[in-house]
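Residue numbers (the numbering used here), protein chains in the order written: chain A, 1 to 132; chain D, 133 to 200.
No wet-lab data here; the hints were simulated from the structure.
Note that CB positions come from ideal geometry on N, CA and C, so glycine has one too.
Among the hints, erroneous ones may be present.
Pairs of lysine-lysine, DSS-like flavour, derived with a Cα cap of 27 angstroms [stated by the list, open to error]:
{"hint": "1", "chain 1": "D", "residue 1": "Lys169", "chain 2": "A", "residue 2": "Lys60"}
{"hint": "2", "chain 1": "A", "residue 1": "Lys50", "chain 2": "D", "residue 2": "Lys167"}
{"hint": "3", "chain 1": "A", "residue 1": "Lys52", "chain 2": "A", "residue 2": "Lys4"}
{"hint": "4", "chain 1": "A", "residue 1": "Lys4", "chain 2": "D", "residue 2": "Lys169"}
{"hint": "5", "chain 1": "A", "residue 1": "Lys75", "chain 2": "A", "residue 2": "Lys55"}
{"hint": "6", "chain 1": "A", "residue 1": "Lys60", "chain 2": "D", "residue 2": "Lys167"}
{"hint": "7", "chain 1": "A", "residue 1": "Lys75", "chain 2": "A", "residue 2": "Lys52"}
{"hint": "8", "chain 1": "D", "residue 1": "Lys167", "chain 2": "A", "residue 2": "Lys4"}
{"hint": "9", "chain 1": "A", "residue 1": "Lys75", "chain 2": "D", "residue 2": "Lys167"}
{"hint": "10", "chain 1": "A", "residue 1": "Lys50", "chain 2": "A", "residue 2": "Lys60"}
{"hint": "11", "chain 1": "A", "residue 1": "Lys50", "chain 2": "A", "residue 2": "Lys75"}
{"hint": "12", "chain 1": "A", "residue 1": "Lys4", "chain 2": "A", "residue 2": "Lys50"}
{"hint": "13", "chain 1": "A", "residue 1": "Lys55", "chain 2": "A", "residue 2": "Lys4"}
{"hint": "14", "chain 1": "A", "residue 1": "Lys60", "chain 2": "A", "residue 2": "Lys4"}
Stretch by stretch, here's where chain D covers chain A in the computed footprint (C-beta under 8 angstroms, at least three residues) [what the hints assert, rightly or not]:
{"hint": "15", "stretch": "55–63"}
{"hint": "16", "stretch": "84–91"}
Just the calculated beta-carbon pair ranges, DEER-fashion [what the hints assert, rightly or not]:
{"hint": "17", "chain 1": "A", "residue 1": "Cys113", "chain 2": "D", "residue 2": "Gln143", "range": "51 to 59 angstroms"}
{"hint": "18", "chain 1": "A", "residue 1": "Tyr48", "chain 2": "D", "residue 2": "Phe194", "range": "24 to 32 angstroms"}
{"hint": "19", "chain 1": "D", "residue 1": "Arg182", "chain 2": "A", "residue 2": "Phe94", "range": "51 to 59 angstroms"}
{"hint": "20", "chain 1": "A", "residue 1": "Val43", "chain 2": "D", "residue 2": "Ile188", "range": "52 to 60 angstroms"}
{"hint": "21", "chain 1": "A", "residue 1": "Gly42", "chain 2": "D", "residue 2": "Asp150", "range": "30 to 38 angstroms"}
{"hint": "22", "chain 1": "A", "residue 1": "Gly61", "chain 2": "D", "residue 2": "Ile188", "range": "31 to 39 angstroms"}
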Amino acid sequence: MFNKQSAAAFWLTIAVLVGLGLWQLIYVSPGFGTGLIGGAVGVSVARYLKQKNIKEMQAKGLNPYDERTYYIAGKASYAAMVSSLLLAAVVVLFGSTFGPVVTVNPYDLLGYCIAIVVLLYVIFYYHYNRTR
Amino acid sequence: MQNRLRELREQNNLTQEDLAVIVGVSRQTIISLEKGKYNPSISLAYNLARAFNLTIEEVFIFDEKGDD
């Protein structure tokens, strides 16, 4: 799953995030810049720990990406997609009926949507990994 | 689907990790299979049966009321 190409793409993404973060930190919004750099560092550390665990498993002859991993990832993806769509539908229904008219930054809104979908995926993956 | 994996593994003095290495999966997958939480693919079922020199039918018992 993590070959050389995906590793290169990952570190390129991190470099872009850090670059954007530094630019924001110095010229535009120090808070947002700090958040971007902090996020990039956090993801890098998480990936390092995950890769370390995977290498240890592979050294023992175990396969960390076996069919059950893909099965759980598939179930978690489907559950995250369905639940986020339902959540969005409920928000749209009740928000457009009862809620006030609000102006939002579309980039912030898209960011929140991505964060919710990723969070739901992680929660469902954890759930299915324990129960399947 | 029920299976005799735990029984066969213990008869052959194998740990869960040993069996996982033999069939090329993670130890977590062997744990889930033994608990009956996860149903394997045909190829994994075949590899597991072959690890014990048995047929698939001798290792796995099909349960018509089983879930997905």
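We went through each hint and held it up to the structure:
Between the alpha carbons of Lys169 (chain D) and Lys60 (chain A) the distance comes to roughly 24 angstroms, so the proposed pair stays at or under 27 angstroms and holds. Between Lys50 (chain A) and Lys167 (chain D) the CA atoms are separated by roughly 26 angstroms; this keeps the pair inside 27 angstroms, and the hint holds. Distance hint between Lys52 (chain A) and Lys4 (chain A) is fulfilled; the C-alpha atoms sit about 15 angstroms from each other, no more than 27 angstroms. With a C-alpha separation of about 34 angstroms, the suggested pairing of Lys4 (chain A) with Lys169 (chain D) is violated against the 27 angstroms cut-off.
A hinted pair counts as satisfied when its Cα atoms are at most 27 angstroms apart, and Lys75 (chain A) with Lys55 (chain A) qualifies at roughly 25 angstroms. Distance hint between Lys60 (chain A) and Lys167 (chain D) is fulfilled; the C-alpha atoms sit about 23 angstroms from each other, no more than 27 angstroms. Taken as a hint, the Lys75 (chain A) and Lys52 (chain A) pair is honoured in the structure, with Cα atoms around 26 angstroms apart against an allowance of 27 angstroms. Restraint check for Lys167 (chain D) and Lys4 (chain A): not satisfied, since their Cα atoms lie roughly 36 angstroms apart, outside the 27 angstroms limit.
A distance of roughly 19 angstroms separates the Cα atoms of Lys75 (chain A) and Lys167 (chain D); the hinted pair therefore holds under the 27 angstroms criterion. Taking the CA atoms of Lys50 (chain A) and Lys60 (chain A), the gap is near 16 angstroms; set against the 27 angstroms cutoff, the hint holds. Distance restraint check for Lys50 (chain A) and Lys75 (chain A): the Cα-Cα separation of roughly 21 angstroms lies within the 27 angstroms cut-off, and the hinted pair is therefore satisfied. Distance hint between Lys4 (chain A) and Lys50 (chain A) is fulfilled; the C-alpha atoms sit about 16 angstroms from each other, no more than 27 angstroms.
A distance of roughly 14 angstroms separates the Cα atoms of Lys55 (chain A) and Lys4 (chain A); the hinted pair therefore holds under the 27 angstroms criterion. For the proposed pair Lys60 (chain A) and Lys4 (chain A), the alpha carbon gap of about 21 angstroms is at most 27 angstroms, so the pair holds. Check result for the stretch 55–63 of chain A against chain D: holds, 5 residues qualifying (beta carbon to beta carbon below 8 angstroms, three or more required). Evaluation of the coverage hint for the stretch 84–91 of chain A: breached, as 0 residues show C-beta separations to chain D shorter than 8 angstroms, against a requirement of three.
Between Cys113 (chain A) and Gln143 (chain D) the beta carbons are some 53 angstroms apart, a value that agrees with the proposed interval 51 to 59 angstroms. Between Tyr48 (chain A) and Phe194 (chain D) the C-beta distance comes to about 44 angstroms, which lies outside the given range of 24 to 32 angstroms. The hinted range of 51 to 59 angstroms is satisfied by Arg182 (chain D) and Phe94 (chain A), whose Cβ atoms lie roughly 56 angstroms apart. A hinted range of 52 to 60 angstroms for the beta carbons of Val43 (chain A) and Ile188 (chain D) is inconsistent with their spacing of about 42 angstroms.
Between Gly42 (chain A) and Asp150 (chain D) the CB atoms are about 36 angstroms apart, so this pair conforms to the stated range of 30 to 38 angstroms. A C-beta distance of roughly 24 angstroms is found between Gly61 (chain A) and Ile188 (chain D), which places it outside the suggested range of 31 to 39 angstroms.
Of the numbered hints given earlier, the model fails hints 4, 8, 16, 18, 20, 22; all others are met.
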